[in-house]
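Construct all of the structure, not just a fragment, from the sequences and the given hints.
Number of protein chains: 2
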Amino acid sequence: MSTLNEQLISTEAHRSIFENEVRKLPLPVCKAFGSAEKPTLVSFVNTDKVLGTKDAATVAAAFPNTVKASANTVLKAGAATAAVTGKRVAVLFSGGPAAGGHNVLCGIKRMLGAGNTVFGVRGGPKGLLEGKLFEVTEADVQKILNTGGFDFLGSDRTKIKTPEQFEQVKKTCIDHKLDAIVIVGGDDSNTNAAILAEYLYTGIKADGSGVQVIGAPKTIDGDLQIRGLLPISFGFDTATRIYAEMVGNILQDTASSLKYWHFIKLMGRSASHVTIEVALQTKPAFTLISEEIAEKKLSLAAIVDQIAKTVIARYRNKSLKHGVVLVPEGVIEFIPEMNALIAELNDALAHHADAFAKLPEADRAAFIQSKLSADNARLLASLPGYVVKMLLAERDSHGNLQVSLIPTELLLIDMTRARIKELDAEVPFNTQNHFLGYEGRCGAPTLFDAAYTFNLGLTAGALILAGKTGYMASINGLTTGGEPLAIPLPGLLNVERRHGKDEYVIEKALVKTDSPAMQYFISRRDVWAADDLFASPGPRQLWGPAARQIPISVALNDAAATLEFKIG
Amino acid sequence: MSTLNEQLISTEAHRSIFENEVRKLPLPVCKAFGSAEKPTLVSFVNTDKVLGTKDAATVAAAFPNTVKASANTVLKAGAATAAVTGKRVAVLFSGGPAAGGHNVLCGIKRMLGAGNTVFGVRGGPKGLLEGKLFEVTEADVQKILNTGGFDFLGSDRTKIKTPEQFEQVKKTCIDHKLDAIVIVGGDDSNTNAAILAEYLYTGIKADGSGVQVIGAPKTIDGDLQIRGLLPISFGFDTATRIYAEMVGNILQDTASSLKYWHFIKLMGRSASHVTIEVALQTKPAFTLISEEIAEKKLSLAAIVDQIAKTVIARYRNKSLKHGVVLVPEGVIEFIPEMNALIAELNDALAHHADAFAKLPEADRAAFIQSKLSADNARLLASLPGYVVKMLLAERDSHGNLQVSLIPTELLLIDMTRARIKELDAEVPFNTQNHFLGYEGRCGAPTLFDAAYTFNLGLTAGALILAGKTGYMASINGLTTGGEPLAIPLPGLLNVERRHGKDEYVIEKALVKTDSPAMQYFISRRDVWAADDLFASPGPRQLWGPAARQIPISVALNDAAATLEFKIG
Chain U
40 MSTLNEQLIS
50 TEAHRSIFEN
60 EVRKLPLPVC
70 KAFGSAEKPT
80 LVSFVNTDKV
90 LGTKDAATVA
100 AAFPNTVKAS
110 ANTVLKAGAA
120 TAAVTGKRVA
130 VLFSGGPAAG
140 GHNVLCGIKR
150 MLGAGNTVFG
160 VRGGPKGLLE
170 GKLFEVTEAD
180 VQKILNTGGF
190 DFLGSDRTKI
200 KTPEQFEQVK
210 KTCIDHKLDA
220 IVIVGGDDSN
230 TNAAILAEYL
240 YTGIKADGSG
250 VQVIGAPKTI
260 DGDLQIRGLL
270 PISFGFDTAT
280 RIYAEMVGNI
290 LQDTASSLKY
300 WHFIKLMGRS
310 ASHVTIEVAL
320 QTKPAFTLIS
330 EEIAEKKLSL
340 AAIVDQIAKT
350 VIARYRNKSL
360 KHGVVLVPEG
370 VIEFIPEMNA
380 LIAELNDALA
390 HHADAFAKLP
400 EADRAAFIQS
410 KLSADNARLL
420 ASLPGYVVKM
430 LLAERDSHGN
440 LQVSLIPTEL
450 LLIDMTRARI
460 KELDAEVPFN
470 TQNHFLGYEG
480 RCGAPTLFDA
490 AYTFNLGLTA
500 GALILAGKTG
510 YMASINGLTT
520 GGEPLAIPLP
530 GLLNVERRHG
540 KDEYVIEKAL
550 VKTDSPAMQY
560 FISRRDVWAA
570 DDLFASPGPR
580 QLWGPAARQI
590 PISVALNDAA
600 ATLEFKIG
Chain W
40 MSTLNEQLIS
50 TEAHRSIFEN
60 EVRKLPLPVC
70 KAFGSAEKPT
80 LVSFVNTDKV
90 LGTKDAATVA
100 AAFPNTVKAS
110 ANTVLKAGAA
120 TAAVTGKRVA
130 VLFSGGPAAG
140 GHNVLCGIKR
150 MLGAGNTVFG
160 VRGGPKGLLE
170 GKLFEVTEAD
180 VQKILNTGGF
190 DFLGSDRTKI
200 KTPEQFEQVK
210 KTCIDHKLDA
220 IVIVGGDDSN
230 TNAAILAEYL
240 YTGIKADGSG
250 VQVIGAPKTI
260 DGDLQIRGLL
270 PISFGFDTAT
280 RIYAEMVGNI
290 LQDTASSLKY
300 WHFIKLMGRS
310 ASHVTIEVAL
320 QTKPAFTLIS
330 EEIAEKKLSL
340 AAIVDQIAKT
350 VIARYRNKSL
360 KHGVVLVPEG
370 VIEFIPEMNA
380 LIAELNDALA
390 HHADAFAKLP
400 EADRAAFIQS
410 KLSADNARLL
420 ASLPGYVVKM
430 LLAERDSHGN
440 LQVSLIPTEL
450 LLIDMTRARI
460 KELDAEVPFN
470 TQNHFLGYEG
480 RCGAPTLFDA
490 AYTFNLGLTA
500 GALILAGKTG
510 YMASINGLTT
520 GGEPLAIPLP
530 GLLNVERRHG
540 KDEYVIEKAL
550 VKTDSPAMQY
560 FISRRDVWAA
570 DDLFASPGPR
580 QLWGPAARQI
590 PISVALNDAA
600 ATLEFKIG
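Residue numbers (this note's numbering), protein chains in the order written: chain U, 40 to 607; chain W, 40 to 607.
Some hints here could point you the wrong way.
Identical chains share a label here; the pair holds if one copy fits it or two copies do between them.
Lysine-lysine pairs mimicking DSSO-like chemistry, simulated, CA-CA at most 27 Å apart [unchecked claim]:
id: 1; residue 1: 216; residue 2: 200
id: 2; residue 1: 200; residue 2: 165
id: 3; residue 1: 63; residue 2: 605
id: 4; residue 1: 171; residue 2: 360
id: 5; residue 1: 88; residue 2: 605
id: 6; residue 1: 357; residue 2: 171
id: 7; residue 1: 244; residue 2: 182
id: 8; residue 1: 460; residue 2: 428
id: 9; residue 1: 165; residue 2: 209
id: 10; residue 1: 335; residue 2: 244
id: 11; residue 1: 115; residue 2: 182
id: 12; residue 1: 93; residue 2: 540
id: 13; residue 1: 200; residue 2: 298
id: 14; residue 1: 198; residue 2: 360
id: 15; residue 1: 605; residue 2: 77
id: 16; residue 1: 107; residue 2: 210
id: 17; residue 1: 182; residue 2: 360
It is worth saying that the hints were derived from the structure and are not from the lab.
What follows is the structure in structure tokens.
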């Protein structure tokens, strides 16, 4: 066998040239932690920041132990403290994967050191219920450091809600003699962490003490962020850089082949953070922001009219037959008339479920249409068959429309084509469409996400060794050295009525139309619409002079002086 | 306005942090050229390699001037030679964009230096017909060096075939006092270069002399390659690295979310070079190679059966509910029964065009089915409606099926689902599908493509200054220093009967099933099918220790000792 063949076989199983090199990348750590190899164990002290939503009193009653212990006060790293040993800590990934999860685990393991034991939970919350734990070794850290995805542990979307499930978690804690659990997840998972922290507060271990629960803020959607406390969830930077590279490549393609409009739908269930970030990176001709559409109460026809006029103006003024339109995945539910239609459809489908199910597929749309109010019936009738089909498709387990199934980008293309025909039929309009989603969740982390998550892990580990529970780890001040914080989870909880019951939720952070990022975007978008001013952010660099960029929207919203992150 | 806002505005129009830095990257050049800044002008000398196809005699008769001048002999760079000045050279991009085109232009401009004039042709071959030329400055070179796409010049797909078109080219040459044209393109464009070189050989300029024509080998498909002379066309490395990163990310996602099979279609009209390269980079569970399917005469059912059995085996043996299947875009035409069906459909649609066009859409499939042989009628009836619809869709200008419209990945998913149901109905099979295409053509070039194309440009420039015509520039020996070559284009031409006329063509290089790359792939694919052994090649690095990789298939086929390129 040739040397090259042997070299190739040696790259199998996560050992590409890139993967081998990226594992050796040194990571910067916040000053408080000293060094990445032998981090300093820090204590935590109160800041003057106390959290609380409008439902603080209700939450305080429901979370008496954790609220009393934390007084809803944000903590920051304090002085170095003596070593703690003998702790047994389980770490799990919850929900969709995001780049940097592995480094959270590595950071925890590093902070806990040889004197404590870290377990990985296989397959997410379900694995916690089933007690699927295994010990994480220093060799594992060497293997997964700076790599993307959640594949070392796996993940799932099980919500821990029922009394039986809480009992199962307790059993896992007792069976494995756990002292703490770290839940790496989004808004729902951190809500779960808050509830578990309260539930496990006392009476789990033989001495009557409890099991600590710490959260870490993950989601590529970027909808877990708190101005001044949590600049961004991890994974957002990597995902948006991947999407922005692809959008930049496609923009370059439009200006090279000179013939297509590309409509690109970007992943993100509700908020448009991903879309605005990609727009700020690439400067395309047209970008829909769901939150702005909802605020301005724009109709589908009004949105399409704007796109059509942009297409026409670029052609008539600059002879441009090409451009890019960015579409947030969740936009359909932010268009007031579509939202009203979907709400009535949800009701009608639930109410007439049996009759509907018995009908042949061809008759279903007409049947449901007859059950709707006049406005909604008219709107449904105006939509193309492939959209109607998906609007009538099976609901998810919460009875909600599966937004990701709606081909919004195709709907917009077809309606824009029709509108251009009305306004100026000579204008050429050839199109391509894309959906960028799965390719962004598990990419190799950017240097920012790699460093940020490693420090989140160090913070989570230090919180555990300091005996804290019911907090989410955060690093604030990402362009000025980085400050480890602990955010009391009950301080973030709101009460929401769902399925006739009060539920605790961390509200998703939507794009604010008066935010600095949105205001900057608004100040430039007409210029980008009028001519090709796009930029290609290029592939993520882990080495060299272009490796240290942070998300533009985060820099703007934090009033940072620079686009470069600085940790340590 | 804040400093950050100003910084952001300064990134518009191709000035992202990455784009600014990548322009400063030093590029290595072949020893013969000395330095990138002030390259040495070289002469060209004969090698002992003489080219010729089975149609060499016919070609020699049709290309008397260029065949006589070159004797179909490959040239290599010889000694340094004295400066040449006063030449006026036009450069154009033809066909789909590919990363590195800008560097070909930069290389030409550098070699020609201040003493000669380089023109860019706007909008491809059509721009040449219309005389849309502008002078390229050293400032332009600074702007476009190492950037992706063809947007500096634009491109199109006009074929120069008619006597009127040849006259238009001649007029452009005379109007702009051109001495030479460089055509950057694929197999068709280099065929065009050969024809133009012969046509423009004499009698264009006042002194009776001609205009030189030189080709440069571009195509992301990789189907322009000649073992021992032209290792690969440019743009292939960048496109496959972009696709391989996305596929690697998705593989990581499958192993993180633990629930989906992703079917990923990869761009490439005919050959499967892109697909095999991406497979070699990422090691997915299943990869279709069109050429192997044709050679083994596999039916659609047989292919689907193989995929279904892989899905079942992974679940039954390893509890894996996930995996990735790579599908070359052009595979459908390589499946013998589908190819036969498409051929008969092409005939039937042409023969019954009027009757077909008058029918309502719902009746068209049945009508055409009645015109087919029994086997083909049966096959057509077995296919889902969305495939039939595309099989009956409008043909391209050559009367060919538009393969890119066929949702092969969906067809394979639906058939695989049905087959799994027959074989082992309990096996879970949740799917996602993707098409990776446009995002790969205009990415920032890899360091390999950047260096390779700059040296192709230097070679093309030196060939012009040496007075050569009818050659394609090449760099051979890409892991051993790089050797500039000139390949006589008529030596590559075959005669093909098209539309009842003999036409000259450079045959597309398909994947050879006995090639080292294919043999290596075959030796490993069962192992990759049985378990997760995937690797993530990661984002393309322009700096640092992972920046110098060449395509794995090229390294294997060239029997290279290393995966690192070495130029200079």
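Results for each hint:
Taking identical chains as interchangeable, the C-alpha atoms of residue 216 and residue 200 lie at most 27 Å apart only when both belong to the same chain, with a minimum of 22 Å there against 80 Å between chains. Only within a single protomer do residue 200 and residue 165 lie at most 27 Å apart by alpha-carbon distance; the minimum there is 12 Å, versus 65 Å between protomers. Taking identical chains as interchangeable, the C-alpha atoms of residue 63 and residue 605 lie at most 27 Å apart whether they share a chain (20 Å) or sit on different chains (24 Å). Taking CA atoms no more than 27 Å apart as the test, residue 171 paired with residue 360 passes between copies only; the shortest distance there is 18 Å, against 56 Å inside one copy.
Within a single copy, residue 88 and residue 605 get their C-alpha atoms as close as 24 Å, which meets the 27 Å cut-off; across copies the closest is 57 Å, which misses it. Taking the shortest Cα distances, residue 357 and residue 171 sit within 27 Å of each other only across copies (17 Å), while inside one copy they are farther apart (61 Å). Taking the shortest Cα distances, residue 244 and residue 182 never come within 27 Å of each other, neither inside one copy (33 Å) nor across copies (66 Å). With identical chains, the CA atoms of residue 460 and residue 428 are at most 27 Å apart both within one copy (26 Å) and between copies (25 Å).
In the homo-oligomer, the alpha carbons of residue 165 and residue 209 lie at most 27 Å apart inside one protomer (13 Å), although the nearest pairing across protomers, at 73 Å, exceeds that limit. Proximity of residue 335 and residue 244 under a CA criterion of 27 Å is satisfied in neither setting, with 54 Å inside one chain copy and 65 Å between copies. Taking the closest pair of Cα atoms, residue 115 and residue 182 never come within 27 Å of each other, the shortest separation being 31 Å inside a single copy and 47 Å across copies. In this homomeric assembly, residue 93 and residue 540 come within 27 Å of each other (Cα to Cα) only inside a single copy, at 18 Å, whereas the closest approach across copies is 80 Å.
For a Cα distance limit of 27 Å, the shortest separation of residue 200 from residue 298 across copies, 22 Å, qualifies, whereas the shortest one inside one copy, 52 Å, does not. Taking CA atoms no more than 27 Å apart as the test, residue 198 paired with residue 360 passes between copies only; the shortest distance there is 21 Å, against 48 Å inside one copy. In this homomeric assembly, residue 605 and residue 77 come within 27 Å of each other (Cα to Cα) only inside a single copy, at 20 Å, whereas the closest approach across copies is 39 Å. When the C-alpha separation of residue 107 and residue 210 is checked against a cutoff of 27 Å, the pair qualifies only within one copy, where the shortest distance is 26 Å, while the shortest distance between copies is 87 Å.
In this assembly of identical chains, the alpha carbons of residue 182 and residue 360 lie at most 27 Å apart only when taken from different copies (24 Å versus 48 Å within one copy).
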